[in-house]
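Undergrad: Residue numbers (the numbering used here), protein chains in the order written: chain B, 1 to 410; chain E, 1 to 495.
Hints are computed from structural coordinates only; laboratory data are not their basis. Careful, some of the hints might be misleading.
Computed Cβ-Cβ distance ranges for the label pairs, DEER-style [to be verified]: (1) E:K310 with B:A36: 49 to 57 angstroms; (2) B:T46 with E:N460: 56 to 64 angstroms; (3) B:K22 with E:T239: 53 to 61 angstroms; (4) B:A36 with E:K104: 47 to 55 angstroms; (5) B:G3 with E:I108: 57 to 65 angstroms; (6) B:K276 with E:A360: 44 to 52 angstroms; (7) B:G409 with E:F113: 55 to 63 angstroms.
Calculated Cβ distances over 12 angstroms to all of chain B for the following chain E residues [to be verified]: (8) E35; (9) N174; (10) L301.
As the structure is a prediction and not an experimental result, all values here were calculated from the model. C-beta: ideal position from N, C-alpha, C; glycine also.
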Amino acid sequence: MSGVFQPANESQISDFIRDSAKSNNPIEVVGYNTKAIGRYIQCSQTLDLSKIKGIVEYMPEELYIKVCANTSMLEVMDLLKSKKQMLGFEPVDYGYLYYGKSNYGSVGGAIGCNLSGSRRFKAGALRDHLLGFRAVNGSGEIIKSGGTVVKNVTGYDLSKLVAGSYGTLSVLSEVVLKVLPEPEYSETFIIYNLDSLQAINAFSKVMKTSLEISGACYFPKNNINFFRLNDLDNTHSVLALRVEGPKKSVIERVSSLQSIFKEMKKTTILELYQSKLFWKIASNLECFSNSPNVVAKISLAPTDANSFVKQFCDDSIIGINNKYFIDWAGGLVWIEIDNLDPSYLIIEKIKKFCTQSNAHMTIVKSNMTYRSTGSFLTSASDDLKSLTSRIKKSFDPKSILNPGKMYAGI
Amino acid sequence: MTLQMPQADELVLNNKENIILDLKKISSNVLFENEEITPYETDGLTAYKQKPIAVVLPETTDEVSKVLSYCFNNNVKVVPRGAGTGLSGGALPLQDCILVGLGKFNKILETDFENRCVVAQPGVTNLAITNAVQHEGFYYAPDPSSQIACSIGGNIAENSGGVHSLKYGTTTNNVLGVEMVLMDGTVLRIGGKNLDSEGYDLLGLITGSEGLLGVITEVTVKILKKPQSVRAVLIGFDTIEDSGNCVADIISKGIVPAGMEIMDRPLIKATDDYAKAGYPRDVESLLIVELDGTESEVDILIEKVLEISKANKASYHRASASDEERLRFWKGRKAAFPALGVISPDYICMDGSIPRNKLADVLGEIYKMSKKYGLGVANCFHAGDGNLHPLIMYDSNNPKELKKAEEFGADILKYCVKVGGVLTGEHGVGIEKRDLMCEMFNDNDIQQQLRLKKAFDDKNLLNPGKVYPILHRCAEEGRIHIHKGKTKFPDLPRF
């Protein structure tokens, strides 16, 4: 058996996987196929989920939406918008990174990679918004977990496990996502001309207030000119702080930010429309649009962010100048690694940094050679790998679902 | 005990003395005399009691690892225990087990305001975390009502909630990292001060796993800055439907309150008699809405909520003008358990979650059941997150009433599942709802979860007999039993 199979429903997914398990035929699971994250794998069969789409149930007052797993993320976002609601984790559009243009891909794809945007530090990751799912495991059995309610401790929380499992545990067929009301209004307070250390300090200062900042990012001077907004000067480094809520409260809080940072020489305020656009451009990685290089994200303790930047992004003395930006109030550094040396030395150094500082790297874009041979994740300890392998087997005993996608041999 | 637990291992029971001697070589805190281990024979689900072979109170991760490794090698079952406040029997010992109590892991290791987190040992109480950071204006968000006594490790095991879950999430949304020991003694560190971690989300999986996958020995939790302002509104309705509609309307209008609570008429009367909270007595349903944020934001939201309540035929409404008044609104609600203890000799507290819009339907059904079984019932409902706690009143001196109350409770949970809800919102499955699991899950679902358990504990030695049915049947056994208002922890509010 080989080729591409396009099931029309969950029961066809189940039949196909059951047959593949019997014949030990590995399967690459594909949704919109828009994200080249994870190790490159070659399977004799492709399970194309294009037809597993559609809104099953949207209950605005119950704050959830149930959709077939391969429904377009954009379709879901548009539907929620029509009821002034949204996905709290702020879905990221990886289309720019890979193709230079918008493509949000599918809901299932975002879940598989657990992709969260700039609101993550306040609202939680995608995995925090997945309330329940139905899926087919590696034996072809239909399984379910969770439900439509936010408070649920009935059995293991498998939603957390499938979010970020890169399709290696099960094939999602239906998912329930928590939704939240859209904020009535938002503004973004901008501080220009800070260096990375000053930026981290500013994040720390503002996170110790009760101003409820919902976005906090920093773009250095060499990675700012892609912003084309009327009210934003794109020739200086930019630190941006987003404030959302009822208009009166937003205006008051932005004014508090002005007082807190009154010693800063150059600041500005982006009002509603420009503010929304700013965060869309930032979250969607438009700064790395169509990048030919390796792009990675490093989740770290905010107090380690500056040391990371100094070592790997920006140090004129030792001649390091990689494009980067900081998000999640210092908890995430995005880096584009220029002129990748054939031995991938810098990646190994970053991994070492991550191991030492208990941080975590995910390479989201790289070349085919690296994707085929290297590891896109930091590097799990032997004990963790062994447990990972046992978990994988508990869902997929024959290891036929995206084998090797996360770790070689698992 | 009528509840079936895993069969005791005769080899282990016969080797009891040697096991105790061996454990004493690993830990200096091994309890085995009858009177020493009696306090550990039950948790918050006091209807069930069982003494273990011994209780070990380790003081270091290394000690936990050695105890577990020893038990693994000698096929001895282990039951972990935090503060023992759990309501579903998750820490009930087994006859042939070693109970590992984490009570000596009681230190806060680090308060890190720069990274907005606290690193603590698992035996630290939930409230102690807030106490350790409140001088800087921070707090730990999940606030189960037993927060003064329950441990943070136990919170992770149960994925504890509280009244603010809609806005701030439950434990799972507020934990950043853990150190845990697997049954074979392997020590793993997952997460830390960073937000996303390597590989499968083991942190999410371990949270709410009821002590079946590993023993937590350290936690890192997120702390939040306290909101500038908190206010509450008390709203009365002539029908349950109106209060349900009001809740739906508040959410539809884009408001996410910090807390929303509904009480029905029997509970309003009982709590107001007991706590003198000043509740209106002529309403069928009372809604408390708490709003937090910046001062102007809260003022705006209070106005909006009042408008919405009027549009939904509220017959009474009052916004708190001071923090004292806000606390008075909560006083009755928080006294639900002792208040019922006054009017009924015994009661069972159930814990289902339902879609918010099914409230009137489910309560209607519960009242019908109440008539059918001839037992009184009072209801409180975390309307924000759909978590319903019916309190079934009975008299344990009449053995027939106990059985009826248990059947009544099981019927309620089954109905919760029928309308799209779940068996337990925050108390956990434990042994209490174990045999109702097949109301929600089919064999495929349960087998998948059991295989996952094997990936962590292939000999099924860690907390066996909990959460998943031993028998392939849906029996109705055991609930939280409270006799004459006396719970195991009578001072703790339970809601």
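Undergrad: State for each hint whether it applies.
TA: Each hint, compared with the structure:
no.: 1; hint: E:K310 with B:A36: 49 to 57 angstroms; in the structure: 55 angstroms, holds
no.: 2; hint: B:T46 with E:N460: 56 to 64 angstroms; in the structure: 38 angstroms, violated
no.: 3; hint: B:K22 with E:T239: 53 to 61 angstroms; in the structure: 57 angstroms, holds
no.: 4; hint: B:A36 with E:K104: 47 to 55 angstroms; in the structure: 50 angstroms, holds
no.: 5; hint: B:G3 with E:I108: 57 to 65 angstroms; in the structure: 58 angstroms, holds
no.: 6; hint: B:K276 with E:A360: 44 to 52 angstroms; in the structure: 38 angstroms, violated
no.: 7; hint: B:G409 with E:F113: 55 to 63 angstroms; in the structure: 42 angstroms, violated
no.: 8; hint: E35; in the structure: 34 angstroms, holds
no.: 9; hint: N174; in the structure: 9 angstroms, violated
no.: 10; hint: L301; in the structure: 7 angstroms, violated
Of the numbered hints stated above, those contradicted by the structure are hints 2, 6, 7, 9 and 10, listed in ascending order.
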